[in-house]
Each structure stands twice: as structure tokens, then as C-alpha cells.
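Q: Based on the provided sequences and hints, a complete structural model is requested.
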Amino acid sequence: MGLSYFMEHGQTLVQPSLPPLRLPAHPAPPPSPADRAAEERAQKFVHDPDITAPTYEPLQDSTKYRRKRAEQWARWQTETIPLILPHFARVLHLTKSLHLVDDLELPPPRPSDCTCIEFKTHSIVVVRFSRLTISIEIEDINLRACKCAPLSVQLVQGGLFGCAPVAPSPAVDMRVLEFTQNLFLHIAPNNTAFCATLEGVLAAMGFQLEHQNSLRRRFGNTLRWYTHAYNRLKDKYTRVIEVAREAIHPEPLSAPPAPQPPHSLPHSAPHQLLEVE
Numbered sequence: 079m080g081l082s083y084f085m086e087h088g089q090t091l092v093q094p095s096l097p098p099l100r101l102p103a104h105p106a107p108p109p110s111p112a113d114r115a116a117e118e119r120a121q122k123f124v125h126d127p128d129i130t131a132p133t134y135e136p137l138q139d140s141t142k143y144r145r146k147r148a149e150q151w152a153r154w155q156t157e158t159i160p161l162i163l164p165h166f167a168r169v170l171h172l173t174k175s176l177h178l179v180d181d182l183e184l185p186p187p188r189p190s191d192c193t194c195i196e197f198k199t200h201s202i203v204v205v206r207f208s209r210l211t212i213s214i215e216i217e218d219i220n221l222r223a224c225k226c227a228p229l230s231v232q233l234v235q236g237g238l239f240g241c242a243p244v245a246p247s248p249a250v251d252m253r254v255l256e257f258t259q260n261l262f263l264h265i266a267p268n269n270t271a272f273c274a275t276l277e278g279v280l281a282a283m284g285f286q287l288e289h290q291n292s293l294r295r296r297f298g299n300t301l302r303w304y305t306h307a308y309n310r311l312k313d314k315y316t317r318v319i320e321v322a323r324e325a326i327h328p329e330p331l332s333a334p335p336a337p338q339p340p341h342s343l344p345h346s347a348p349h350q351l352l353e354v355e
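My numbering runs 78 ahead of the 1-based position in the sequence shown.
It should be emphasised that the hints constitute simulated quantities derived from the structure, not laboratory data. The reader is advised that the hints may include incorrect statements.
Unchecked claim - No farther apart than 27 Å at their CA atoms in a straight line, the calculated lysine-lysine pairs in the DSSO-like style are these: (1) K142 <-> K198; (2) K225 <-> K198; (3) K174 <-> K314; (4) K312 <-> K198; (5) K198 <-> K146; (6) K146 <-> K225.
Note that the structure is predicted; figures quoted are calculated from it, not measured.
A: Structure (C-alpha cells):
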């Protein structure tokens, strides 16, 4: 029995059923010993992973990564930013708003009043603006960090800003961050394009980063927290100025009288002005 399709205008399409499959006259021969041996060898590799297939991170790894980012964000907000704000303000004051950053020097390897027994030396890659060559270059520095001399504070005192609150690498010159911050106010922010351009320029000058495209995520994180620290510092001193202004003038000053419209002036006003001139 076939299938019938009823169409518009009374038309009917009929598809006849296919004839039944014919069974072979003789049964299939059993597999040879060579075929059995080949099948047994193939079964051993059925569950082996394909090394050419793409790999995906399991769910627990992504959850762990999100938890790590949340912990880092909390440390930035509650520990690192409040700790570096006084040093950040001092650097802006001493350098006349980053004009004299080259005069800054990194703190000594060990402060004279340091009594810490435990310390750790960090190797940090610095993306620095060179005033001599008027270009951006890469520099490797080593800093000794302990409880009385946190790494984030030492970097800020040297005119640098790290990409992480604890063990940052790289650290970026504040002048580079200030340039990028102002650039993104006039064009659409595109951290990927900016970092790709920066890596290309550095590579053309002979500087090579540890991994390709390693600057994009870390530079974006550095710029984000530098902007946040700058805005918090600006808000702090704005409130201080407002409090001082209210202490000097408790009541708002009366506005000066507005100038009279031209039609209300007397007719002799132009002649008087001419006589004064």
C-alpha cells in the first residue's frame, strides 16, 4: 500500500510502496581470522581521545576561574585600592600630575625599618614610557615584597601600576595608562586593537613578550583598576574641597544681579558711552 497526498484543487499524489528487500540466497561467510584480529586491535583504541580534536575546559575549571576573579576583585576593592591611594596622591603631587615621573625611583630592596623575616622576590615585566627615545619600551625589574612593603605600594611609588593586587606582571607606566585613558575618551574603546598595536610596535623595536597576545587581558585589567583608583582619589578630594568650602561659606553666596535687557536702557546710553570713550 502506498502513501497518498491530498493537494489543493482536488489533486492527489500517490506514492507506491517499494518492493520488499530480497534476502540473500546463501548466508554470509564467517569472518576470517585476519578480520577478527584486526577488529580486536581496533577495539583497543575506541575509547582513546583524539589528539587532534579541540579541548574544552570542564565546568569545575570555569567555576574555579570565576571564583578566582571574584576573590581578586574583592581584594582590589577592600585591600589594594585603599592601601595605595595615599601613595598615588603623593606621586601625582611630586610629579606635577605625572610630568616628572622620570625623577621617581623605586624603593630600596629592603627598607631600613623592615623587620620582616618572610619575604619574596618578584620578577616583573614593565611597559614603560621612555622620555629619552619618546617611545614605549619593556624593562625587567626585581622587587622584594614583604608585609611592611607590599608590591602594589612599591610599584605606585615608582610611577607604575600592576595588573594584579598580589603578584602583578606586567606593570604599566602611569603615563601609558593616562594616554590610553584619554585616548578612549575620544574614540570607541578597543583594548584588543590597542594591545595588538602595542605588541606590534614593541616587536618591531626588538622587544618580545613571554606569550603572544598575553598583554591584552592584563593590560585591560590594569587600565580598569587604574581608572577606578584615579576616580576614587578624585572623588575623595572633591568631597574634601566641598567640606572646606561649606566651612568658609556656610550659606550660599547670593548671585550678582543679571544685566538689564537692551530695550530697558535709556536712549542717552549710547551717547554717554561715546562721551566716556
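Q: Are there hints from earlier that the structure breaks, and if so, what are their numbers?
A: 4
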